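Converting from the sequence shown to the working numbering requires adding 400 to each position, the first position being numbered 1.
Here are the computed lysine-lysine pairs in the BS3-like style, where the Cα-Cα straight-line distance is at most 30 Å:
hint, residue 1, residue 2
1, Lys-468, Lys-445
2, Lys-489, Lys-460
3, Lys-445, Lys-489
4, Lys-531, Lys-496
5, Lys-531, Lys-497
Computed beta-carbon distance windows for the label pairs:
hint, residue 1, residue 2, range
6, Gly-426, Thr-513, 41 to 49 Å
7, Ser-424, Thr-451, 40 to 48 Å
8, Lys-489, Thr-441, 20 to 28 Å
9, Ala-517, Asp-427, 36 to 44 Å
10, Asp-486, Asp-457, 33 to 41 Å
Because the hints were derived from the structure by calculation, they are not lab data. As the structure is a prediction and not an experimental result, all values here were calculated from the model. Glycine included, every Cβ here is placed at the ideal spot set by N, Cα and C.
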Amino acid sequence: GMRLLIALLAVSGALVAAGCGGSSSGDAKAKACDARDDIQTQITKIQGVTTGATTLDGAKTALDQISKDLDTIATEAPKVTGDLSDQLKTANETFKKSVQETADSVTSAGSVTDAAAAVSAAGEQLAASYKSAFADVSC
401 GMRLLIALLA
411 VSGALVAAGC
421 GGSSSGDAKA
431 KACDARDDIQ
441 TQITKIQGVT
451 TGATTLDGAK
461 TALDQISKDL
471 DTIATEAPKV
481 TGDLSDQLKT
491 ANETFKKSVQ
501 ETADSVTSAG
511 SVTDAAAAVS
521 AAGEQLAASY
531 KSAFADVSC
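Start from the sequences and build out the full structure, keeping to the hints where you can.
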């Protein structure tokens, strides 16, 4: 509940503070790879709607976080050196489309029951598209 939210805000505040200043290729890689890993965490949360481990609000928050992670990757990928930069850019663009479609399907659901079904399907869809999009990204 609230304690978790406060802890998350504290952590994100610390991350923002740490993110000030110039970003080297190593920093960019770390940020992009952390964001990639966090997307997986958020997908797991979305999949938790099926079992009741995650609320619909929790799933929406997770979707929002995935969008933020995608923005982070979009910002950091060009600063990463070597093949990883292109891998991140390609994976990010591919996965972003899937996230948008998913968000649309969830927000267009009429009832709570429909929304739960949509989120459940979205979790599976995102997991599959994440796997295919980021399969070749070697962080």
